[in-house]
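Undergrad: Just need the whole structure built from these sequences, with the hints factored in.
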Amino acid sequence: MSGQGSSSRRPPARSNTKLRAPKRAGTEMTNEGRWRALAKAISQIQNHNESIISMEEQYRYAHHLVLHREGPALYDGVKNLTQQHLNKLNKERLVPAFPTGGVSSLTDGLAQPTNASRASSNSKGKGVDRGGATSDGVAGDGFGPGGHGGGAVPLGGADAAAHTRAGDRLLTAMRDMWNDHYRCMKNIAMVLGYLDRTWVPQTEEPGILQLGLELFRDTVIRSKSYPIETYLFSTLLSQIRIEREGNAINRSVLKSSVDMLNALTHPRQGLAITARQTLYKHDFEPKLLSTTAEFYQAESEAMLDRADASSYLRHVERRFQEEEDRVTVYLNSATAPALRHILEQHLLSAHLRTIAAMPDSGLDTMLEEDKIDDLARMYRLFYRVAEGPAVLKSGVKAYIGRKGRAINEAIGASSGAGSGANAGNDIDEPAGDEAGARRGAAAAGGGGGAGSAGNAGALAFKWVEDVLALKVKMDRILKDGFGDDKGCEASINEAFETFFNMNPRAPEFISLFLDENLKKGLKGKSEDEVEEILTQTIVVFRFLHEKDVFERYYKQHLAKRLLQARSVSDDAERGMMAKLKVECGHGYVQKLQGMLNDMKVSEEITKSFQNSLDKSGRKLPYDMSVNVLTSTYWPISAQAPACQMPALLLNGRKAFEQFYANRHSGRVLTWHPHFGSADVRVTFKNKKHELNVFTYALVILLLFEDTPDEGEGSRLTYEHIRDTTEIPAADVQRTLQSLACGKYKILLKEPKGKDINPGDRFSFNTTFSAPLARIKIAQVVAKVETPVERKETAEKVEEERKSVTEACIVRIMKNRKTLGHNELVNEVVRQLSSRFVPSPASIKKRIEALIDREYLERSEAGRAMYNYVA
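Mapping of the sequence shown onto UniProt numbering: position 337 corresponds to residue 337, and the numbering continues sequentially without gaps.
Below 25 Å or equal to it, Euclidean Cα-Cα: the simulated SDA-like pairs (lysine to any residue) are: (1) K471 / R542; (2) K91 / S43; (3) K519 / E690; (4) K600 / R667; (5) K654 / R681; (6) K844 / R801; (7) K473 / D484; (8) K473 / E529.
Derived CB-CB ranges, DEER-like: (9) K462 / E726: 34 to 42 Å; (10) E750 / K845: 52 to 60 Å; (11) G412 / A841: 25 to 33 Å; (12) P646 / A729: 17 to 25 Å.
These are computed hints drawn from the structure, not numbers from a lab.
Just so you know, even glycine gets a beta-carbon here, dropped at the ideal spot from N, CA and C.
TA: Structure below.
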């Protein structure tokens, strides 16, 4: 606006507005007068009377003073006026808002540890009743809304409300005073804009608005006359504590105070204003973090005395969310990492093992009771801190180890209870492999105890099912609780591998389990269900170290399934072999696939044999099926046990030998009757029955064909049967047991009893009768291996491992030519781990043996280096 008011026209004014032409800034007005006018105008601005002054006129006064070198005086004058005004406001507005009880009324109970003794957070035994009176005298659980559990006595009900109101009054007064001051300084800065643009940049002084902020800091916040900073910080901390205890506060006034502290900077010589720390960061945040640490340290110790693990972790998770919420709503976002660290340190890091080991609620209980939500929460929280993953994984491994040992011990206890002599008609597998009768039975006990193969099959089934159930359980926990974390998965697998291989019979048990699921006649299981079981079994098969031992058992069981026509299907068998091939390689299943191929070829040979009989006009009185087996594939000894067959069976045998010799000249057939079976129709006095028996049983039954029904001639002695048939004594005993001592007594034994002894006499039971027309006579299985026999089996496995290890060493050295000892050992272990895990000592012995046989030689570069000898 010009001093000549008539040079321009104003827009029409309202009727109640008085028009005042500004006074001319004439030369007659002195600088002192201009300052007095400015001082009066500043006072009016501070008193909210801007409407009665002309801002433009005051601007010209300040402009004139700066032009006449009065900038320093003007700057100092404004500074003094502002200080005086702020001091006046302190006395009139802030001091009356101080709590009547003084600072102590705000800090009363604020992170002040009580005199109650607290158990150490790492103490192993917590003797406090979690539902009773707390150690700080407050009844209840002490965590959750309205609770505290910390080292300060929580404010409840009326006390909390009174503290909240007192704090709210002070913070509201501070907010209003700050907002007024900031608005006034912006207006004053507009009046002194020329001073800011011209004089201030030539000095080191702050601009007018920044000057106002610094004056507020020094005159109000850091007042030397009143303990404003103490009251302010104590109030802020008290309000935060009250909110942490579950009470409602006025968050908006806290945010205003925090924003004010963020706007004010701590003075530091030589630093630009933008580089200085704020009062929030320099003064308030350290106190906030300190009281927060004290609060949560005390709370965690008190809670652990009475809370269970699930409740504690839920509370901790809620605390993290609450602190994040505070940062979002009214604290500085830069405080968030420090607050998180405090919570992680005092609520988690210091108590990880205590939480995990809490009786009846810790990690073991969560795992045992499938508390997926609690486990997921523990995983999230433990993985926030450095030591958390290790503690969690260690606890999971320990749990699996304990469960695994219990599974192993249960099998041991059951096998001990089931030990004894020959056990009745439990299963129908004969003992006829190269280890004799002993390995046809699945041993059901250790330390020389004997048990039935039926018991062993049940034990194996239970053991594998328990292991699978535990694996399925842990897989579900891994997926839903631990988010498929790779570290947790590795720990789980390591724990399974450890306890799995602690059972020396694991290879046999897995094979028996697969055998049961691959047999015909399984009730209540579809092919899809069987496939699912086999897939799960392969998962635990991966944990097995002695896969070569498993192969021996699996080969024996597969042979019995195939030869007894008990396999559920050829597709199922080949599917299982495909799974084993993926795990262990083609060489592992080569012989197994050869066994299946032999059975397929045998079907074609049998058809050709029947056709040749039909063409030649020769007719056998029975249908005959022969399985021609490749000796290198099957677990069958080269020398078959003796058996003197009756002429009726010899005719068929000779006919097939002649047929086979015509097709394959030069091949020699070795007959193994103990693997065969027969369906024979028998006429009893009351009824005809079709009996399914093993070949040995058929040979013995045919001895009674020509005996009279009654009288002394109807009885045959044990010795007569043994000598006439030339069947091995052990097999004679088992066969007679199945015929005379089992569920279906085709023969009568004198004297009665379950054991077969020299001198026993047997006669045909002409009065036998059963409700079923077709009856399967199960073969009594052999006793378990004796310690000597088990030693022989182990020696055979060891001999096979020697050759496999040597072959592996030669392959590696042939490819690498020269290799160090440690490298060679590591490579051998890596390549053979799919079959078994050789020890370094055993590998060294095989290296020495190869050196002696001149497959390898020591390098001149050192004894720890080997060369391949071409």
